[in-house]
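Please work from the sequences and hints to get the whole structure.
The numbering of the sequence shown is my numbering, which starts it at 662 and goes up by one.
Everything labelled a hint here was simulated from the structure, so no lab data went into it. Beta carbons are placed, not taken as given, at the ideal position from N, Cα and C, and that holds for glycine. Just so you know, not all the hints are guaranteed correct.
Pairwise CB distance ranges (calculated) [to be verified]:
(1) Gly1254 x Glu742: 48 to 56 Å
(2) Lys1012 x Ser781: 36 to 44 Å
(3) Gly1150 x Thr758: 18 to 26 Å
(4) Ser1418 x Ser781: 57 to 65 Å
(5) Asp1216 x Asn1044: 41 to 49 Å
(6) Arg1307 x Thr758: 29 to 37 Å
(7) Ile946 x Lys860: 29 to 37 Å
(8) Ser1418 x Thr758: 37 to 45 Å
(9) Thr996 x Lys1275: 30 to 38 Å
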Amino acid sequence: MSDDLLERMKAAIAQAAAREWRTPAHEETNLATVSHEDLGLDPSNYNDPLVRRIYEAQSDPLPLVPIELKQKPNWVRWKLEQADGRLTKVPYQLNGTKASSTDPATWNKYEDVVNNAVISEAEGVGIMTDGSFVGFDLDGCRNPATGEITEWAQRVINTLGAYTEITPSGYGVRVYAIGQLPDGARRFSIATAAGFGDKVGIECYSERRYFAVTGKRVGTASGMESANVGQAHQLCGHINREFPSEKRALFASFKGDDGGSSVVYAKKPNLILASKLYVLMNGKITSNRPFVIEDDGGKVEAPSQSEADMSLATLLAMKHGDDPEQIDSDFRESTLYRPKWDRLAEHTIAKAMETAKKFAEKPTPIVVAPAGETSTIDLSDENQIPEFNSSVITGIYSDIVNVAVGGTTIPPQFAFLNAKVYLGARMAGKVTFEGLDCDSSYYGVAIGITGTSKGESWRRTFEKVLNPPELTELKPHLKIIYSADSGAGLKDAFFEPPNELPIVCYIDEVTTLGHKAGEKKNPEILDTIIELADSHHISRVLAKRGKQKSSKTHDNARLSVYACGQDGPAFMSAFAGRTKLGLFDRLYPEFSGPIEAGDLPEIKQSEIVALHSKIAAMNFNCKMTISSDTKSKLEDFWKSQPGDVRRKVRFKKYLMLDMYMAAFGRGVTVAEPEDLDVAIKIFKRQMVIRQVCFTGEVPDRVGFYTSKIKAIVEVMRRELNSGKAVAQVARSIRDFETMTHAFRDNELHTFERAWKSMSEHVTQVAVAAGNGHKYEKWVPTPYEDEMWLPAA
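Quick look at the structure:
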């Protein structure tokens, strides 16, 4: 403690309490028990070192931060690091690994995060947005030397009337409010002359972002309640137009004639781009990954919407010439417009105009490229899937998983899935759920490469623990069948005694099921599986004694599934021709990356017996309900989901079913917020699994290989656009046959049909070897804004 600070502290204490008590000269002041008011200090004056020392001694380094934020388990730490040539606040978990704004499993409680945390301009703590609050980031609105705040920022602060604090840089402020952001822009550029520093603007987010929290309050507002979030958002747009950024003002000053015509021609013979421009402007987005937009007469595909945005901007630049305002205006009228465009428009338009000028007015030739080392293509996006959060395994599920795979390296998520399939099958038709018109039968699918113990999890969890043959005194509660050779055979299994029991179908390898269900074999297998997902009524008509027939019906046919597959394409291939029937929506996926080999300890018989005693005590004839608080929280969460998710009725059913299953596992019949929290964690991770593994519609085997070829072509396109040489990226037809597994699976005839359908998407090149021999290979046909293909 400095001498100056010590003297100030003593003087303040003496002045505040001289009439009541006197501090003996030999006693030290306990800052942990002294209030700011005792010392006559302003508790909001965080610049006063004595104020900071008292806060630090009282263990809460951010005492002014609203309790509404502190109660959220959304906290992380951050460090200022160099990334992509600029300083960035990188979020971290407590274990030192990076945190993600889309993975709540990487967040933590406030008290754990701030404990021993360093809070400065270079590092500190932050909070992830989860849709329950909004952060308005007002950059460049504050003079760090004087504390002056610009008039436009003060308007936003006053409109919100919520807790406001200084940002780590000191140049901005941030307002936290509870409310709903309307649709529209999330980022508003502002002229640097209207603020302080070189970064002036407004950003507002309520999800998939994080904010660095300082606790340096501005003003007197201490809470987050605000009824004016929508009004404040509208005000941001007014400020954006009132103080246009320098680049936008420069664009507005450009003049140019309409150098293009109403029909834009490609730089390839006989290919008119008018249709592509029309589709990008007016079509309907039918897929986000890969990005697909189509109308009745055409379709445009791209790896993501960012590439489609650039393609449209380039086409508009070819049409309008050097007229950025017209390009921007047309783009905002297109189907592709989204709030993100406000942030990217200036850079995208500038690049599009530059590309339009360079594009040569001649056909794309067959070129000779120098030979080079061929690059390796990885088609897997599985690294995007978050790690499994074992905190979702609660109640009886935790007991089952611990007995079955405890002490092993078997992924607990697979054993958890086995447990839900088992209990769900036993509950089906007996337990009802408030607000749900479906039963608890799961179509669980375990996704992971060979060696991830998908099958071993089934054997230990289902066969040894949940349905052990040794415990003959256990009453059978379900029947297990191992795959099925036909739809008729699957139906017949329900009529075999005991015919009142539900069936769990175990599929060791989904590819095998796909081969059995081929068009020329037994396609009704998949039809029956789809049918039993929605209906529990089946009938069989049997030939008997010549022309006489007999029929039998079953009104309580409950089917659950546990199917294993190496990756998403394995399921796409197996279910080719059934995706338009919504089969992928019916599947309940779980995933694991590679694992290390480990021990498989013997499961103790006593533990199995004890576990079944617990299961026997559970109520398998009840009605599950939902508390009012949980119902409100559920609706708020569902409203926060993107429109394409909300339109998937089955997704909400699985979310609610997981909530009820969590409550059931705890031995209660009323779902509480803690059960919904478990379901939300599962749901968020599962949406990523679906996005990565179930990528689109597959009409048939030709369509399957077409989708595989497209995936390879788009990876090649990204490599070429990143600067790799054509010779490194180019592939022969045999390369494509190998990479799609058509050669391995002896389906070259099907591959050939798929290859022909892709002819417009690939361009032939001749790659010269060291001996001068030229090899025929293929690369993606360049888009209008791609310049990597060399001239002939």
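Evaluation of the provided hints:
Between Gly1254 and Glu742 the beta carbon distance is about 26 Å. The supplied range of 48 to 56 Å is therefore violated. At about 38 Å, the beta-carbon gap between Lys1012 and Ser781 stays in the expected band of 36 to 44 Å. For Gly1150 paired with Thr758, a C-beta distance near 49 Å fails the hint of 18 to 26 Å. Against the hinted window of 57 to 65 Å, the Cβ-Cβ separation of Ser1418 and Ser781 comes to about 59 Å, which satisfies the hint.
Between Asp1216 and Asn1044 the beta carbon distance is about 46 Å. The supplied range of 41 to 49 Å therefore holds. Look at Arg1307 against Thr758: about 32 Å separates their beta carbons, and that is inside 29 to 37 Å. Distance hint for Ile946 and Lys860: a CB-CB separation of about 33 Å, consistent with the stated range 29 to 37 Å. A C-beta distance of roughly 44 Å is found between Ser1418 and Thr758, which places it inside the suggested range of 37 to 45 Å.
Range check, Thr996 to Lys1275: about 55 Å between beta-carbon atoms, so the 30 to 38 Å window is missed.
The structure fails to meet hints 1, 3, 9 from the earlier list, while all remaining hints are met.
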